[in-house]
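Engineer: The opening residue of the sequence shown carries number -6 in this note's numbering; numbering runs sequentially from there.
A few of these clues could be false.
As the list claims (entries may be wrong) - Cβ-Cβ distance ranges computed for the label pairs, FRET-style:
id	residue 1	residue 2	range
1	188	34	42 to 50 Å
2	142	116	38 to 46 Å
3	40	123	31 to 39 Å
4	147	262	24 to 32 Å
5	289	28	25 to 33 Å
6	123	221	18 to 26 Å
7	218	187	27 to 35 Å
8	73	171	30 to 38 Å
9	127	75	35 to 43 Å
10	136	292	45 to 53 Å
11	147	39	50 to 58 Å
Please keep in mind that the hints were generated in silico from the structure rather than gathered at the bench.
For each residue, glycine too, the CB sits at the ideal point set by N, CA and C.
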Amino acid sequence: MRPCLATLLGKRRHSIAATNPRRRRGSYDRSVIPPSVQPWARCDPRRLRDLGGVLTDIDDTLTTAGAIPMGVVAALAALRAAGLPVVAVTGRPMGWSLPIAAEVPLAAVVAENGAVALIPDGAGGVRTEYADSEPVREANALRLAAAAARIDREVPGAIPSRDSVGRVTDIAIDHAEFAQLDEARIAQVVAVMRAEGMTATVSSIHVNGWFGTHSKLSGADWIVRRLFGRELAAERERWLYVGDSTNDEAMFASFPLSVGVANLLDFAARLRQWPAFITALDRGRGFIEVAEALLAARGS
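Kindly generate the complete structure, drawing on both the sequences and the hints.
Structural biologist: Put into structure tokens, the structure is as follows:
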């Protein structure tokens, strides 16, 4: 499924500064948030001045109600103009991610949890590269179909995500976007995937499963090396990661400057690895909150 850009951006058109709704109620409830997690507003600006770039999730991090608000697009453009590249790393499929890579001011999109890199060519086109070879992808496609069929047989109400037609390296089961699965059935989907030898993660909307060792972190390492000729593993403190759910835990653990947008609290009961900071605002508004602090620290 490849949505048009108008659908992804929605109808809201406003500047960064115009996006200042009330704080999400309960954002800093210390009965829920570990003491190690600080409000983003308390981050020392000196830590932000020499960043090499930003890595971010898309769903419920850049998006609000399924669309990328124009305020987020403005924030991304401002970060680019300030010399701070932003790379999106998402569980969404290649097909869904293509218009974002082509038209949203991102340095690249790494889709399908590290399996596919979408790199804008500067002329409106997008280069597509894969972590695995074509023979490996073809063999895995048969195994993915078998795993999807088993989930359909064994988990009542489990259905593929609507964006599944655009997927080339994984499968996704909808649990909160257009369908609803309770915690027990989400756990059952994860168990079936792992029994099939898959890696399985739970995002804010989908349960994703794939074969291979790629991940959001390996995809981030790959794209930073590919685009900038730099080893991300050697300079993690110079990159900031922004996310919103349990499938961001490995990234939170890997980056000293990690930020959860406020709706991360929806996953508080399941989180084992929290980010270093949390924003006062949720979803796309939380990302704008992050961007404003980065721009202020750079004097932009």
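Engineer: Do residue 136 and residue 292 keep their Cβ atoms within the hinted range of 45 to 53 Å?
Structural biologist: Once the Cβ atoms are compared, 51 Å apart, the range 45 to 53 Å for residue 292 and residue 136 holds.
Engineer: Assuming the hint says 38 to 46 Å, is it satisfied by the Cβ distance from residue 142 to residue 116 or not?
Structural biologist: 41 Å, holds
Engineer: Given the hint of 24 to 32 Å, is the C-beta distance from residue 147 to residue 262 inside that range or not?
Structural biologist: Roughly 25 Å apart at Cβ, these two residues keep to the hinted range, so it holds.
Engineer: Range hint 31 to 39 Å: satisfied by the CB atoms of residue 40 and residue 123?
Structural biologist: 35 Å, holds
Engineer: Can you tell me whether the CB distance of residue 147 to residue 39 sits inside 50 to 58 Å?
Structural biologist: 53 Å, holds
Engineer: Holds or violated: the 35 to 43 Å window for the beta-carbon distance between residue 127 and residue 75?
Structural biologist: 39 Å, holds
Engineer: Looking only at beta-carbon atoms, does the pair residue 73, residue 171 fall within the given range of 30 to 38 Å?
Structural biologist: Since the Cβ atoms of residue 73 and residue 171 sit about 32 Å apart, the hinted range of 30 to 38 Å holds.
Engineer: Residue 188 and residue 34, beta-carbon distance inside 42 to 50 Å?
Structural biologist: At roughly 44 Å between Cβ atoms, residue 34 and residue 188 fall inside 42 to 50 Å, so the hint holds.
Engineer: Lying within 25 to 33 Å: is that true of the beta-carbon distance residue 289 to residue 28?
Structural biologist: 26 Å, holds
Engineer: Is 18 to 26 Å right for how far apart the beta carbons of residue 123 and residue 221 are?
Structural biologist: 20 Å, holds
Engineer: Holds or violated: the 27 to 35 Å window for the beta-carbon distance between residue 218 and residue 187?
Structural biologist: Roughly 29 Å apart at Cβ, these two residues keep to the hinted range, so it holds.
Going through the hint list in order, the structure satisfies each hint without exception.
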